[in-house]
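Chains as they are written, first to last, in my numbering: chain U, 1 to 314; chain A, 1 to 242.
If you are wondering where the hints come from, they were derived from the structure by calculation, not from laboratory data. Take the hints with a grain of salt, since some may be wrong.
Unchecked claim - Computed list of lysine-lysine pairs in PhoX-like fashion (alpha-carbon distance at most 20 Å, straight line):
no., chain 1, residue 1, chain 2, residue 2
1, U, Lys216, U, Lys274
2, U, Lys53, A, Lys209
3, U, Lys216, U, Lys258
4, U, Lys205, U, Lys258
5, A, Lys218, A, Lys134
6, A, Lys134, A, Lys209
7, U, Lys148, A, Lys134
8, A, Lys131, U, Lys148
9, U, Lys148, A, Lys229
10, U, Lys207, U, Lys274
11, A, Lys131, A, Lys209
12, U, Lys148, A, Lys218
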Amino acid sequence: MKKILPILYTLYSILYTFVPSANAQSANFSVSPPVVELLLAPNSTVTQTFIIKNDGADAAYSLSFHKVIPTDDLGHSTIDPAPYSFVNAPVSAKLIGKDSDTLYPFPAGKTEAIQVELSSATVDEAVDQYFALVVSLQNPTDLSGVTKLSSQIAALILTTTTPVPAIPTDITIEDFNPPRVHDSLFPLQISPRLVNNAPVMLRVKGKLELTSPNNKLLETINIDPILVLSDTSRQLPQLSLTTNISPLFSRIGPHSLKLTIQTDGGRTLIESEKVFWFLPLRLMIIITALILIKIAWKIHTFRSLTNADKKAHS
Amino acid sequence: MNKYYLAAPILYTLYSILYTLVPTVHAQTLLSPNYKIRMGNFNITSGLKSSASYSLTDTVGQTAAEYFSSTGYHVKAGFQYIYTLYDFSFSVSSLAVTLPTTPNTFSTDSHTLTVSAPGQGYSVSTFETSKLTKSGGSDTIPDTTCDSGPCTETSATVWTTPTNNGFGYNLTGNDISADFISSSYFRPFPDNSLGETPATIMSTTSAGKNRTATVTYKVSPSGSQAAGKYSNQIVYIATPTY
Chain U
1 MKKILPILYT LYSILYTFVP SANAQSANFS VSPPVVELLL APNSTVTQTF
51 IIKNDGADAA YSLSFHKVIP TDDLGHSTID PAPYSFVNAP VSAKLIGKDS
101 DTLYPFPAGK TEAIQVELSS ATVDEAVDQY FALVVSLQNP TDLSGVTKLS
151 SQIAALILTT TTPVPAIPTD ITIEDFNPPR VHDSLFPLQI SPRLVNNAPV
201 MLRVKGKLEL TSPNNKLLET INIDPILVLS DTSRQLPQLS LTTNISPLFS
251 RIGPHSLKLT IQTDGGRTLI ESEKVFWFLP LRLMIIITAL ILIKIAWKIH
301 TFRSLTNADK KAHS
Chain A
1 MNKYYLAAPI LYTLYSILYT LVPTVHAQTL LSPNYKIRMG NFNITSGLKS
51 SASYSLTDTV GQTAAEYFSS TGYHVKAGFQ YIYTLYDFSF SVSSLAVTLP
101 TTPNTFSTDS HTLTVSAPGQ GYSVSTFETS KLTKSGGSDT IPDTTCDSGP
151 CTETSATVWT TPTNNGFGYN LTGNDISADF ISSSYFRPFP DNSLGETPAT
201 IMSTTSAGKN RTATVTYKVS PSGSQAAGKY SNQIVYIATP TY
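Extracted from the complex, chain A is given alone in its bound form (with noise of 0.2 Å):
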């Protein structure tokens, strides 16, 4: 008998260990037109301290206590902190989103958020004022609860059917929260009057320039639903990393 006939389940076996017990390699984009690699370490200098369990923050060869006596505090802002060095700014193309409101129809709009932190990660959080209210009344669009799951304010569920009515946003780009997997999957926002917390929609780690993601709004209005122009306030908060 042949002895590769043999062998060959063999090495199908141990082809498939390897392959199952290779750990998985990311290569970390290092270079990239949109990532600056944070700077190293400072040298810092050290000196002999008072005590095991407590720390002076000194900085340059200078001690708190020296701080204290001429100035009485120490801001933490200069050469050494990288990350004060760098503008951190945010931008949304838009300042007001007009969404038709027909009964039982999708009505979309879009715009992008963009983030600049050249010094460090950031998050963007958002949240509603209220619901959607009608101009002049107090009839609302309540927030949507997609088609099934339901959504919650931090957990994206599918929504393609206009009959589940109600108000959301979806999320597609850089840094998003994994819970967008796809332009379909909506959140309902966090309801400030009721006093839920913000949610985060865009975070990272790394230090970066112009990561963008673009935000979508989806009503659909029951038939039931008063007619009248109906709005609400949207809030999106950039916040550095520290």
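Same shape as in the complex, but just chain U (with noise of 0.2 Å):
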């Protein structure tokens, strides 16, 4: 037996090292940039490069172009699995040196770049166009009697196209609601939204600032740059105030709060300010509270003297 274990583990050492995996192929890609915002003059080319790179095993690619639906008010989008007309279409898009639905092969460990031109037709007015360089990436391999997995990445591309330098912009402030009445020991958090009624999209920023009631700015919270695409609705991400204000009871009476939303180049396209009331709710409630135990407390002792009284005249 002492001779036989040492040859067992030799052979069972073999086997597992030449044995090869029963795994199926993966995939494993990436694209950069992700996303590409684009501003167009009329009858102008551009020429933007994709990198590609595969991270995974020995694969093929294919490229396509599918237009892109934003999904909600998050920056979410689907992309449409029928392909992209772009007939009539203020921007058209062609790949150069590459094929459309074409499989190329993609080995592991390679980068490639792939070289779109984006040229505009001519417009009257600012107009914008939403699609995807989608990249599908699939098992050489052919197989039957299978189902087949094919993974793919979208590129966004998301232009405007305008005669004329000047974007016309239309964009209005939901749900920018603090409570009248809000406990001081508490944060306020708020989300509002904003609703971009102009037919381009718009890059914008902006700061949510809170004053006391004499007008002094206890907090400002900057809000980072966000996309908002033509006739759509983006959600601010939640903005949490009062978390760093000191001290605590110079949160009582009558405040401001001032959403101000800027173009990415700091001009002002709206404000909205709300008066709202901070008083420490909850506080109060204790207070009143232990009060009337108090109360209770003394009403109930002056009860139970005057029995005892009575009955010791009894």
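Build the complex from these two chains, which are given one at a time in their own frames, with help from the hints.
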């Protein structure tokens, strides 16, 4: 037995080393940049380069263009599976040196530059168009009788074509509703929404300012630049105020909350100001309750003494 | 009578009020091996604009007019747009799924989806090109409607009874849709051949790396299903947020 064990161990090691793994091929790839925003004058052409990299095993890739459809007000979108038609579109896209829906080898570790030529048509007024370059990775092996998986990455191409440098803006603020009265002891959290009613996308930034009853600026929260596509809304990240204000009792009385939305260049587009009351509500409830307990106890004590006196005299 | 006997119910009521009215504080994880905090604003110069209702998309002091006069375009893919600086990557641990088709018996197979989006959030959507179809024929295995509910392309329900035949999938892991409550909840794939819209299965607004979910496929053909190999194609699309 002592002689057999090392032999068996050696055999096992050999088998374990040389038996190929039964795992199906995987896909692991990347694209850069993932989002491109493009501002075009009519009848102009620009070439955008996307870098794709295969971080997995040998594979094959194909390229295609598809429509981008916003799905919510958090910046998410979905890709229309149907190929995008550039007929009568303000911007048309063409691959340079490659054909759509053709499989190209994509060896493991390889990086490729994909060039896309974007051309704008004649337009009378500013107009947006959103589509994506979709890179599809497939298993180059011909598999039959098994369900095949195709992994795809979309690189968003968001365009504005305008005949004049000035871009129309029409943005409104919604859901900016602080409560009429808020407890001083707790942070004030709000999450307003921006609605872009213009035909073009707009990148905006902003700030939220909290001012005291005597017009002292207590807190400012800067809002990072955010993109709002045309005819869509965008939720601002939840903003939490009063986390750093001290002393605590400066948060009593009517306060002002002002939301300012600005262009990327700093011009104010829209402002909204709301007044609300800070009161230490829970503290007031506790103090009131303690007073009531004290009063109730005094009444109870008085009645107990009165009953005792009556019994003593009867 | 002991004074504490009267105070106790009042104090209990106060405690209940506090406990009910104190808002739940969810700590936001800003430091994690899988997350990075996005950078803040860059300083952008401002200038006098021409109209109250028009905006010039200027960056670093230049105006769109200057871009148009020199090149005719302006590509916003540079330093000030931080989400353009990072690679957006997507991996699928297997490009093939093998599901034996034994009548009225569940067969399953799994693999993972991993997304790295260091500069922004993302979403992953999916669809099937057609129903599971027999090789060399036209027989199909229908998409599951689960046990009861029924489940739909966007709403998963429990599917644990093998005699409720069909084909579907479950998701567990990071950033998955909320209707995948447990590993027993399944959805059918949207069928692109019927014009059904791709369904979102993973999404987040937070930047992150190596966000991973496990997809589990499940099939149970009926007893009258024609014998043979059935297959189709499942497509997963990773899309960055804008």
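Here is what the structure says about each hint:
no.	hint	in the structure
1	U:Lys216 - U:Lys274	15 Å, holds
2	U:Lys53 - A:Lys209	17 Å, holds
3	U:Lys216 - U:Lys258	13 Å, holds
4	U:Lys205 - U:Lys258	14 Å, holds
5	A:Lys218 - A:Lys134	17 Å, holds
6	A:Lys134 - A:Lys209	39 Å, violated
7	U:Lys148 - A:Lys134	14 Å, holds
8	A:Lys131 - U:Lys148	12 Å, holds
9	U:Lys148 - A:Lys229	13 Å, holds
10	U:Lys207 - U:Lys274	14 Å, holds
11	A:Lys131 - A:Lys209	33 Å, violated
12	U:Lys148 - A:Lys218	15 Å, holds
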